[in-house]
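If you read the protein sequences in the order shown, they are chains A and B. Each residue of the first sequence is one higher than the last, beginning at 2 in our numbering. Each residue of the second sequence is one higher than the last, beginning at 2 in our numbering.
Read the hints as simulated data drawn from the structure, not as lab findings. Do not take every clue at face value.
Claimed, not checked - To spell it out: a stretch of chain B is covered by chain A in this simulated footprint if at least three of its residues, at any positions, have a beta carbon under 8 angstroms from a beta carbon of chain A; those stretches are:
(1) 46 to 60
(2) 76 to 83
(3) 104 to 113
(4) 134 to 148
Every residue, glycine too, gets a C-beta built ideally from N, C-alpha and C.
2 protein chains.
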Amino acid sequence: MLPMVRLNEIRIGEVAVDLPPATDAGLIFIGTICTPWTDRLACPRQGRLDGPVCRLEIAEPFVAALAGLEQYAEVEVLYWLDRSRRDLVLQSPQRDGTVRGAFSLRSPVRPNPIGTARTRLVDIVGATVRVQGLDCLDGTPLIDLKPDRSTFTPLAPPQPGDFETGPA
Amino acid sequence: MLPMVRLNEIRIGEVAVDLPPATDAGLIFIGTICTPWTDRLACPRQGRLDGPVCRLEIAEPFVAALAGLEQYAEVEVLYWLDRSRRDLVLQSPQRDGTVRGAFSLRSPVRPNPIGTARTRLVDIVGATVRVQGLDCLDGTPLIDLKPDRSTFTPLAPPQPGDFETGPA
Numbered sequence: 002m003l004p005m006v007r008l009n010e011i012r013i014g015e016v017a018v019d020l021p022p023a024t025d026a027g028l029i030f031i032g033t034i035c036t037p038w039t040d041r042l043a044c045p046r047q048g049r050l051d052g053p054v055c056r057l058e059i060a061e062p063f064v065a066a067l068a069g070l071e072q073y074a075e076v077e078v079l080y081w082l083d084r085s086r087r088d089l090v091l092q093s094p095q096r097d098g099t100v101r102g103a104f105s106l107r108s109p110v111r112p113n114p115i116g117t118a119r120t121r122l123v124d125i126v127g128a129t130v131r132v133q134g135l136d137c138l139d140g141t142p143l144i145d146l147k148p149d150r151s152t153f154t155p156l157a158p159p160q161p162g163d164f165e166t167g168p169a
Numbered sequence: 002m003l004p005m006v007r008l009n010e011i012r013i014g015e016v017a018v019d020l021p022p023a024t025d026a027g028l029i030f031i032g033t034i035c036t037p038w039t040d041r042l043a044c045p046r047q048g049r050l051d052g053p054v055c056r057l058e059i060a061e062p063f064v065a066a067l068a069g070l071e072q073y074a075e076v077e078v079l080y081w082l083d084r085s086r087r088d089l090v091l092q093s094p095q096r097d098g099t100v101r102g103a104f105s106l107r108s109p110v111r112p113n114p115i116g117t118a119r120t121r122l123v124d125i126v127g128a129t130v131r132v133q134g135l136d137c138l139d140g141t142p143l144i145d146l147k148p149d150r151s152t153f154t155p156l157a158p159p160q161p162g163d164f165e166t167g168p169a
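In isolation and in its complexed conformation, chain A is listed as follows (with noise of 0.2 angstroms):
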């Protein structure tokens, strides 16, 4: 079979619908990601701490948003798989005709093709993060960065949600 056809083909047991406008919220890009990978064929499946250096370049009225990162040693990168198809549903990972569900899978193929991902910061220069971790394209639109869960606790004071919890 040709790498090609890994690109948009629907393989044998996968299912496609009819997708409803993608009109209910919309987003803005804030910047762009810059990877090593300019084919999806060689881009990693999941990205790795000790992976290549990548840039998150931010553009301009968010590069103030930036302030306080620098202090946290992993950050969540949020972006937008803008060349994934959105409407499989169902999906051969394996290509056997074995299928699984979209929300199942970590595939760039989702309704909402978001990818996240948690990455080591490397330095903030500017308007530039550098950071390990990422499995995107050269060229990924970037939506959010967070610190990570691991290492963030919040700065507000707590509310009562905080301490509710439910069957062990």
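With chain A's structure known, arrange chain B on it following the hints.
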């Protein structure tokens, strides 16, 4: 200070920017989240894995995409914080005049108000997924579910990027 003031005010030191139109990409709400919290002043600042059981009600045509999710103990949930302002690049979580960038906080106030939570899966029955670990208001729109990366191994064959590392 009245609690009401907390919902939309700009505090001392905070900076709002003029945002570009939110049209770079469009989202489809895939369902709705049911939580015990109907008041923003009662929501947890951060979810906890032993928190109240919450329900994710998946809408058609996306119910089929749940197939296989039941085998994971932890699920990453993405949701749209539809009542949050998006324009505050500098924020004062402690309301004391000291400010931090939106990207250095896990505040719901951010250019793209997407919340991410690591949750514990309770069960899946039909179109209803029950989890613990959320922190959002009742009625929050749902945008994605993925197996949490802590318990997920890609099913598709590795690609060259999976083996690339960067500077130690």
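Using a Cβ cutoff of 8 angstroms, are there at least 3 residues of the region 76 to 83 of chain B near chain A, or does the coverage claim fail?
holds (count 4)
Three-residue Cβ test at 8 angstroms for the coverage of the region 134 to 148 of chain B by chain A:
Coverage by chain A holds here, the residue count being 7 at a Cβ distance below 8 angstroms.
Confirm or reject the coverage of the region 104 to 113 of chain B by chain A under the rule of 3 or more residues with a beta carbon closer than 8 angstroms to the chain's beta carbons.
Since 8 is at least three, the answer is holds.
How does the region 46 to 60 of chain B fare against chain A when you require at least three residues with a CB closer than 8 angstroms, holds or violated?
holds (count 7)
Consistency note: the structure conflicts with none of the earlier hints.
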